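Asks: What follows is the residue order along each chain.
Number of protein chains: 2
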Amino acid sequence: MTFMEKLNGAWRGNKSMVCVGLDPDLKKLPAVLKGEKYPVFAFNRALIDATKHAVCAYKPQAAFYAGQNAVEELAMTMEYLRKICPEIPVILDVKRGDIGSTASMYAREVYDIFGADAATVNPYMGTDTLKPFLDRADKGTVILCRTSNPSGGELQNLTADGKPVFMHVAELARDQWNYNGNAALVVGATCPEELAMVRKACPGMPLLVPGVGAQGGDVEAVIRNGCTREGLGLIINSSRGIIYASNGDDFAAAAGHAAETLRDTINTCRGA
Amino acid sequence: MTFMEKLNGAWRGNKSMVCVGLDPDLKKLPAVLKGEKYPVFAFNRALIDATKHAVCAYKPQAAFYAGQNAVEELAMTMEYLRKICPEIPVILDVKRGDIGSTASMYAREVYDIFGADAATVNPYMGTDTLKPFLDRADKGTVILCRTSNPSGGELQNLTADGKPVFMHVAELARDQWNYNGNAALVVGATCPEELAMVRKACPGMPLLVPGVGAQGGDVEAVIRNGCTREGLGLIINSSRGIIYASNGDDFAAAAGHAAETLRDTINTCRGA
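Line order of the protein sequences matches chains A and B.
Residue numbers for the first sequence follow my numbering, beginning at 486 and rising by one.
Residue numbers for the second sequence follow my numbering, beginning at 486 and rising by one.
Derived from the structure by calculation, the hints contain no laboratory data.
The structure presented is a predicted model; accordingly, all values stated were derived computationally and were not measured.
Among these hints, one or two may not hold up.
As the list claims (entries may be wrong) - Quick list of simulated restraints, FRET-style, between CB atoms:
hint, chain 1, residue 1, chain 2, residue 2, range
1, B, 511, A, 519, 37 to 45 Å
2, A, 733, B, 613, 48 to 56 Å
3, A, 519, B, 554, 48 to 56 Å
Claimed, not checked - Only pairs whose alpha carbons sit at most 20 Å apart, straight line, appear in this in silico DMTMM-like list of lysine to aspartate or glutamate:
hint, chain 1, residue 1, chain 2, residue 2
4, B, 648, A, 646
5, A, 537, A, 745
6, B, 512, A, 745
7, A, 513, B, 594
Ideal Cβ placement from N, Cα and C applies to all residues, glycine included.
Based on the sequences and whatever the hints tell you, model everything.
Replies: Here it is as structure tokens:
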């Protein structure tokens, strides 16, 4: 199945627009995992088991797997996801952006070595740096548009030719980058007005929305401004709010409960 | 020594503004290395031995070390560089750009795990995503400004508030990001006019210039438009033109010769 097919299936099958950010920080793992040979993988596996009925996607952030052992634990996590919930798409958050020959190597790494369904990419260097990702019709390319961090607007909200830079990105995604129907955009929950602008310009495109929970984004505003006409279209990421819901022995059950709560809050807002 | 001290020392000590891009593609390695246990490292080691008298920096592109064994060979290469030519700065080309907490992990990976003197970063997400790099006064932060690839101008040359986006990046680098005196900018050899604009705005800032050689940039225009008043200030990267100068048994000698030739061409253009 393609990324888009999986995403559409998971939105409907799980009645959920929640994405769980698998960002395991070794220093924050529950004490109960300390004796494990692969503590990061054990943490992820428990989180996946506890949340897979309540999510539309998983998003491991590559930085949390940067050490050498951790790379192996990322590979183990990806394999576990493919085995236990092959119907849930996995977005590997790598934010790549590099010249074409290099981008091809990165695309192969994310899609073929790690087996992710989608990758996040940075558009600053333009079309030829995104093409090796976009060319893979079976995979998703999730392009940074208006990011949720405090300085996100510094370049992204500069006005050029009558519209902000992030809207140039949104329109390029709609008009030039979506030739395989596999493009998606990142718009932060912390900028609901920009979310409305992007949704208006790209009525059917999936939007990955980080920034609810720890970063302070408001779920109601995200739903009001970001849903498609059919009340879908969003991949609402929460990481710390779910994976560290408890750091006791009950961490997995607490994560499952937190994912269900966010799913239900979202569904109430969208009237589903 | 800091990145800037090493760079200034290497420019003068080696009388060279050449940077060698250590981008080893397993499929292109000379046949003579086929039997090696660590062919990528063996390739790099021979290239380093043959060029270290003629360069101002090395720049491994991280994508070429993305597989698991290759990560080890990158670490071996970094260690070899520290041992054999500790006076030459090493720029790890990772083009990172992510939210602050994640950027901190990436900065630690590049500077402390791999021990690089500098990292390349992507400014699209703004100040708080660059700060974990810029905060390291001992290390260099090399910020993408106007890139050399064909679509580089798509967003970077949009005009906002009377100047192109890449000039906003150059002025932010000068006015806000250089608080530790460790910022540098990437401007491609393929856009000499933009190079002149950036140099005018940032008279003393080091500029990393990819795109000579395989990408077609003109050395004479780079020198005319990019040097500082004292005829320095550039880190002119060549990868394929040097490391694949020959794929016979003489590959290392050929690489050394290619680096010397580029060094001399540059020095002739700058009248040194």
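Asks: Each of the hints needs a verdict: does it hold here or not?
Replies: Here is how each hint holds up against the structure:
| no. | hint | result |
| --- | --- | --- |
| 1 | B:511 to A:519: 37 to 45 Å | holds, 39 Å |
| 2 | A:733 to B:613: 48 to 56 Å | violated, 32 Å |
| 3 | A:519 to B:554: 48 to 56 Å | violated, 30 Å |
| 4 | B:648 to A:646 | holds, 11 Å |
| 5 | A:537 to A:745 | holds, 10 Å |
| 6 | B:512 to A:745 | violated, 48 Å |
| 7 | A:513 to B:594 | holds, 19 Å |
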